[in-house]
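S.K.: Residues per chain, in single letters:
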Amino acid sequence: MLNLVSVEKRFGELHALSEITISFGPNETVGLIGPNGSGKSTLVNVVTATYGPDAGQILFRGTDITSHEAHRISRLGIARTFQNLRLFQRMTVIGNVEAAQYGMPGNVFFRFRPDDRRNARNFRQKAEWALEQVGLQDVRNRLASSLPLPQLRRLEIARILARDPELVFLDEPAGGMTPTESEDMARLIADCVAPNRTCIVIEHKMDLIAHVCARVCVLNAGQLIADGDPEEVFVLPTVIEAYLGRAAAHA
Amino acid sequence: MSEYAISIASNMGMIAFVALSAYVVLVVGEISFGQQAYFGIGAYVSGMATAMWGWPFGFALVLGSCVAAIAAFAVGALTLRLRGLYFAIATLCFAEMIRLGLNSIHVQVEIDGEPVGPDGAEGFGDIRWMFEHDVTTLEYMFIIYALLGAVLVVLLLVERSNLGAVIRMIGQDPLLARSQGIDVGTCKLLVIVFSGMIAGLGGCLYAHFATYIEPNVFNVMLGVHALAYGLIGGLGTALGPIIGVVLDIGFLEGVRAIQGYRMIAFGGLVAILLIIMPRGILDEVRIHHIKRWLRRQ
Amino acid sequence: MIDFIQTTLDGLSIGSAYALIALGFTLVFGVMRRINLSYGPSIMLGAFAGTWAFVTLEAQPWLVAVVTIAGTVAVGMYVERLCFWAIRKDAAIASMVSSFVIWMQLEEVATILLPGRTYPYPELFKFGGIDIGPYFLRMEHVTTLAVAMFMLVVLRLLLYRTRFGLALRAVSESSEAAVYMGISPVRITFWAFVFASFIGGVAGYLLLAADQQVTPYFGLWATFKGLIAMMLGGLGSIPGAIVGGLLLGVIEAHTQWYLGNAVKDLTAYLVLFLVLVLRPGGLLGQGIVERHAQAFRRI
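Just so you know, the protein sequences line up as chains A, B and C, in that order.
Start counting the first sequence at 1; every next residue gets the next number (the numbering used here).
Start counting the second sequence at 1; every next residue gets the next number (the numbering used here).
Start counting the third sequence at 1; every next residue gets the next number (the numbering used here).
Keep in mind that the hints were calculated from the coordinates and are not lab data.
Please read all numbers here as calculations on a predicted model, not as lab measurements.
Glycine is no exception: its CB is placed at the ideal position from the N, C-alpha and C atoms.
Any given hint could be a false lead.
Some but not every residue of chain B turned toward chain C, in silico, with C-beta under 10 Å [unchecked claim]:
1) L85
2) M97
3) I232
4) I272
Derived DSBU-like pairs: lysine-lysine, alpha-carbon spacing no greater than 35 Å straight-line [unchecked claim]:
5) B:K291 - C:K89
6) B:K291 - A:K126
7) A:K126 - A:K205
What the simulated footprint calls covered on chain A by chain B, stretch by stretch (three residues with Cβ under 8 Å from a Cβ of chain B suffice, anywhere in the stretch; the number is not a length) [to be verified]:
8) 82-94
9) 98-105
Here chain A stands alone, though its shape is the one from the complex (with noise of 0.2 Å):
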């Protein structure tokens, strides 16, 4: 599905991702973990093209896509979430949804036709379809910017239902939750998001990544550590060093 072949970024002096090399699958649910400043989403944003990588190749269902804008990438179907929450503020909840349909291939601008008229109750009704799915469809009239965290994180997780990308990027979908919360999005990821698609999700939560990944890739200051098994992977002592120190491993 999607191949990293020995990417590299660096910010000056930084590496922030030195000689990745690594396969997501068809249908896989990885997590990606790793401490702060470990690359994580530097990772995600080479591959959806916030910033190129300094060298190697991204090759999404055998594609190169290495040089691709950000746009092209999204419309091949790859989606992501944002660690720091991006929404149209000003946008309502639905039309947040709707906005996310418009960059796909196949959209257009305006409705002179019936086809075209058709595709936008299509939007509409797969916008709502998505806010159902995630439980904002009581809310879907007000204002982006009016909603709580919790239910901001699910706004994000709708947009991605709505576009029913092959390959989701979930950027700590679970940050600033209370346990109750984050629970009810791990359920929410593994009813809605993991079928049917690759999905990688990045969180410092772990139980969240054992209840949804069946497989675990652990980076640490910019290169690839573990991956594996969760089971496996968590007791490593590589990893449990890279994420509590030296002392913890050898405790």
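For chain A, the structure is supplied; the task is to place chains B and C on it using the hints.
M.R.: Same frame as chain A, but now just chains B and C:
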């Protein structure tokens, strides 16, 4: 209607074109100090078309706005990478180059023994289409408002369409819009070209109304005024810039009591308005509430 | 060759005045990330107050200087309170448009104060200038250049050697973070504005004393010359403001000398347009483009 009222109303109509063009650029998230250049290009080109080459008025309008749109395309393509203040100053530079360039354009032809055409800083007089075709100022005012109405209808339709939503997406967060598959560069260019076309059309109308134009009419003050009108009225609907124009030219010019202190009153009023409503009178949030209220009725 | 050097010297003279104005712009923009279109007009109004004292009260030249600078600072405070302090932090366009309508207001106040088109402005030095070999320098221009350099040094010392400067740089980096360090961004912004207005007042006085006349158009002129010089050198860079100002002066002087008056302004705009398109960060300060652009975009 008195001649004075007609001239004020016509002026409002023509300035509204520039205000609308500045507004469209504001909605896509950029500030342009250069919309007056397209207004000027439209005015000069259409004036030359009717006065020098004897073109019919309608064709002159089309030619003027198309040339302005082409200029806007060139500027837009060159400045596509620029944002914020950089974009604003680049458009300012372009507009001033056009204005100063017009100062040194001398293209004149002999018509009835009189030289006609742009004469540098001396200006461009004798755009006599209105007299030659017996169009009264009142009739011309109707032409202005008919065209303004047409532009407004197009803008309001665009606003309701998916394209309108896409433009607002770019205006609010271009990075997010791009990550949703929107080709931000192309859309922005489209909007800039369209804005040039609107301003150019206004310029065509202005040239034939004023019959005399000079480069200094199209200085940066016109552009910044247009920008202010666009913001004062509100960034939520294309009706906003019209409100801005009416508020300044219509209301303050009309109220004789503040003659001589007009700008002091206007400046103070708008400054206070912007403190209370930083995105203008009819901003997106207020439009949202109005729409909801209308739906409930 | 003599012509060339003399023209360059003339350019540097006028350029140093541009540099001073650009310095004030940079200071305000650096702290607030918002643009103050009223900067030139507030200098103009200060100068009108000075010339009013000169014409009606027959004030001494030094008193005119004091009135001009004090007037500029007072108007600057008014603009800051109304257009920047009072408007929400994330509404950069509103601040800009607000500063523009206040510009209109200031211009009208000036024409009410003195309704004519031009007014005399007292010169600083009675003696004309100095000769260095074949070259001639007007004393006012030498003074302006010296003052510009002096201000550059003062500003650098202020920014990098004082607690106020540290606070100012902190606010410039992130006013949210500065609050947690016990810094009040509101106060810092205010004093930065006052200081920028002071620089503007000094620049205005020196410029007008060299021209010996003042018109209401000075506001427009100063705002846009300052903006252009700032953008030419690189947005938010203090040495950039000086370099941009001097460069603008030299470009203008040379094009005027070799190509004539009509081309002078055109060339300045053309150069800036090309700089922006080809090298958007200005001549200095490439690295900060994105950060500033993004800051400015928080409309």
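S.K.: Indicate, hint by hint, whether the structure satisfies it.
M.R.: These are the hints, each one checked on the structure:
1. L85: Check passed: Cβ of L85 of chain B comes within 5 Å of chain C, closer than 10 Å.
2. M97: Status holds, d = 5 Å.
3. I232: 7 Å, holds
4. I272: 8 Å, holds
5. B:K291 - C:K89: It holds: about 28 Å lies between the C-alpha atoms, which stays within 35 Å.
6. B:K291 - A:K126: Since the Cα atoms of K291 of chain B and K126 of chain A sit roughly 22 Å apart, the hinted pair holds (cutoff 35 Å).
7. A:K126 - A:K205: Roughly 31 Å between the alpha carbons, so the hint for K126 of chain A and K205 of chain A holds.
8. 82-94: Coverage by chain B holds for the stretch 82-94 of chain A (8 residues, Cβ < 8 Å).
9. 98-105: With 7 residues close enough to chain B, the hint holds.
In terms of the numbered hints stated before, the structure departs from none.
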